[in-house]
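Participant: Sequence:
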Amino acid sequence: MADNVALTVDKLRRLLALHPRLFILGSSALAALLLALRLRFTSSKGKKRGGYVSNLASVADKKYDVIIVGGGTSGCVLAARLSEDPNISVLLLEAGGSGSALPLSRVPSGFGQLFWTKHVFGFRTEPQVHAKGQQRFFPRAKMLGGCSSINAQMAQYGAPGDFDEWASLMGDDSWSWSNIQKSFQKLERYVPDKNYPAVKTAERGNKGPVRVGYFNTVSEHSKAFITACTQVGIPRIADFNTSKGPIGASRVLTYVDENGRRVSSETAYLTPEVLARPNLTVAINATVTKIIFDKRGATPRAVGVEFAQGKNAPRYRARAGKEVVLSAGAIHSPHILMLSGVGPAKQLEQHGIPLVLDVPGVGDNLVDHPVVDMYFKDKLDDSVLTLRPKTLTAFPKLFAAIAQYQIWGTGKLATNFGESAAFVRSDDPRLFPSTEFPQILEDSTSGTSSPDLELFCTPLAYKEHGKVMFSMHTYALHCYLVRPTSRGSVLLKSADPWTLPSVNPNYFQNPDDFEKLYRGFRLLLKIAHAKAMDTYLDHTNKDSQLDHALHTKPDDEIREVVKDRVETVYHPTSTCRMAPKDVGGVVDNKLRVYGIDGLRVCDASIFPWIISGHTAGACFAIGEKFADDLKKELRN
Numbered sequence: 119m120a121d122n123v124a125l126t127v128d129k130l131r132r133l134l135a136l137h138p139r140l141f142i143l144g145s146s147a148l149a150a151l152l153l154a155l156r157l158r159f160t161s162s163k164g165k166k167r168g169g170y171v172s173n174l175a176s177v178a179d180k181k182y183d184v185i186i187v188g189g190g191t192s193g194c195v196l197a198a199r200l201s202e203d204p205n206i207s208v209l210l211l212e213a214g215g216s217g218s219a220l221p222l223s224r225v226p227s228g229f230g231q232l233f234w235t236k237h238v239f240g241f242r243t244e245p246q247v248h249a250k251g252q253q254r255f256f257p258r259a260k261m262l263g264g265c266s267s268i269n270a271q272m273a274q275y276g277a278p279g280d281f282d283e284w285a286s287l288m289g290d291d292s293w294s295w296s297n298i299q300k301s302f303q304k305l306e307r308y309v310p311d312k313n314y315p316a317v318k319t320a321e322r323g324n325k326g327p328v329r330v331g332y333f334n335t336v337s338e339h340s341k342a343f344i345t346a347c348t349q350v351g352i353p354r355i356a357d358f359n360t361s362k363g364p365i366g367a368s369r370v371l372t373y374v375d376e377n378g379r380r381v382s383s384e385t386a387y388l389t390p391e392v393l394a395r396p397n398l399t400v401a402i403n404a405t406v407t408k409i410i411f412d413k414r415g416a417t418p419r420a421v422g423v424e425f426a427q428g429k430n431a432p433r434y435r436a437r438a439g440k441e442v443v444l445s446a447g448a449i450h451s452p453h454i455l456m457l458s459g460v461g462p463a464k465q466l467e468q469h470g471i472p473l474v475l476d477v478p479g480v481g482d483n484l485v486d487h488p489v490v491d492m493y494f495k496d497k498l499d500d501s502v503l504t505l506r507p508k509t510l511t512a513f514p515k516l517f518a519a520i521a522q523y524q525i526w527g528t529g530k531l532a533t534n535f536g537e538s539a540a541f542v543r544s545d546d547p548r549l550f551p552s553t554e555f556p557q558i559l560e561d562s563t564s565g566t567s568s569p570d571l572e573l574f575c576t577p578l579a580y581k582e583h584g585k586v587m588f589s590m591h592t593y594a595l596h597c598y599l600v601r602p603t604s605r606g607s608v609l610l611k612s613a614d615p616w617t618l619p620s621v622n623p624n625y626f627q628n629p630d631d632f633e634k635l636y637r638g639f640r641l642l643l644k645i646a647h648a649k650a651m652d653t654y655l656d657h658t659n660k661d662s663q664l665d666h667a668l669h670t671k672p673d674d675e676i677r678e679v680v681k682d683r684v685e686t687v688y689h690p691t692s693t694c695r696m697a698p699k700d701v702g703g704v705v706d707n708k709l710r711v712y713g714i715d716g717l718r719v720c721d722a723s724i725f726p727w728i729i730s731g732h733t734a735g736a737c738f739a740i741g742e743k744f745a746d747d748l749k750k751e752l753r754n
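Every letter in the sequence shown is one number past the one before it in the numbering used here, and letter 289, counting from 1, is 407.
Think of the hints as simulated: they come from the structure by calculation, not from any bench. No false leads were slipped in.
For each label pair, taking beta carbons as the anchor points, the in silico distance ranges come out as:
1. S552 / H647: 21 to 27 Å
2. L498 / Q349: 17 to 23 Å
3. M587 / H647: 21 to 27 Å
4. P551 / K429: 53 to 59 Å
No more than 35 Å apart at the CA atoms, straight line, and that leaves these computed lysine-lysine pairs for DSBU-like:
5. K644 / K581
6. K341 / K581
7. K250 / K671
8. K181 / K749
9. K440 / K413
10. K180 / K708
11. K611 / K708
12. K681 / K508
13. K497 / K660
14. K181 / K304
15. K649 / K508
16. K362 / K649
17. K341 / K312
18. K508 / K341
19. K413 / K464
20. K515 / K312
21. K649 / K585
22. K699 / K611
23. K440 / K699
24. K681 / K649
25. K708 / K464
26. K699 / K362
27. K304 / K180
28. K581 / K497
29. K429 / K585
30. K497 / K508
31. K300 / K750
32. K464 / K236
33. K660 / K508
Please read these numbers as outputs of a predicted model, since none were measured by experiment. Using N, Cα and C, we set each Cβ at its ideal position, and we do this for glycine too.
Build the full structure now, drawing on both the sequences and the hints.
Facilitator: This is the structure in structure tokens:
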């Protein structure tokens, strides 16, 4: 009975949350029923709710072998894998709540509507001095699963050369592709699809917790996008995640399961069975305010953390017997280090923070993938705009989409938006002939089979990360630079842990970054006007908001468009960089913070260089690798 009611509650909750306009049609009664069912079947007395601890006093003043700060993409992996050993006690502290409890996170198409809620840190960048001084929205998740709970679910792992580059830098072959590929395979449970027989299952994992496959909905427009890529000279490939590298065009493998639901690090790794382990505690709504150090020895040692539910709430402490691991992400991990006295000495002094260790690299080397979007009218009027009806007559299509998703897990609600993609090199003479692009640019790729540009499409155009929508049915193309060389920083604004830090990705600091992204944008224009797209894009449309005529504009005007539109595609990395200490590294090859005992970092902040594609997969993989390594260390 309880299971059936829980299922009903989930369905009703999702139905209501998917579109606020449903309230217009008299759904207040359903909302009241939903509330009643929640009160009936959710206990408010227990310390654990859904396996998570919300009473922080219950974990205070206790000692754990490992404390993990941040339940994001890597943090959930670490908590699950380390606690596999019953002799290792683990405390995971997450600043937000459960991502899987939010219907807009579980439904593939819903994640963008979370960007403007309390579940996301709504950063604005510092003015981008090389991109018209704009301050861009820069969302970071505040929930279990981290950004794997609000990303576009595109399962692409970079290029093999990226990891070989890491191994070479650190003199440690365990980071090479031939070795770390095993960590990728360990996380995967690839579900073969008869429509994609060319995918080599030998390179895919089939027993891991993260389900990847082709269960998302893909529009006919996005299938045509792949054909259009081949028409402009980009080869079609079967799989972006092989040892041959990702160059080519294909449908995107996704973190969407067979029921049409998002797979995040929370849903994959923090299962009921994992949460039931007596040696694992997961505390939610627990913001870590600083790391606690024992400075009595020759080397400072991390011995615990301080945390609280809010600025004016009580602060608690927990002790770490063996390790504190920061997994708070590329913005919050350096922020917590600096708040704790580990970082650039001058900056800490400026904010009156007692110095534990001068580590200049903390918060430095911020790099992000800059993206530029392109907007077109959908000739078939069949976009995801159906999910946002503006008139009563449009509601039947919405109801049909909800029914299709609820019954079969398919339809427009099951799109992950990033349906098809292509990876290319900006120095490919077939795509960028020297007669049109004579300038020789710095090669920032990780090898000859590694790309520096990604092109992808979405079944709806949008601005300001979905906050601004077009009134008509649209389709969008996007290009981003996957190997930028511009570097920015994360800096303190205050010693107050509740004041968000300054974020500056410094887009186009290196002029070559701009030139490469401009080339990719020009290639997108060619794809938009390839024959395969004629059926789907209405190039007769004259609306000035759209880009149907942009290819006819002079180069200077197109260049201004690139500068005007550049923003994040949600992939910041490298602010606690794994690199030799003498070149500004923060952590070593074992992810130990230089000069401090008992303190590690495991998240995208440790990437020596940003990978050539989507960062979530690599965050899963480094979590798997580090968990294996740390378990071996702790057993010895």
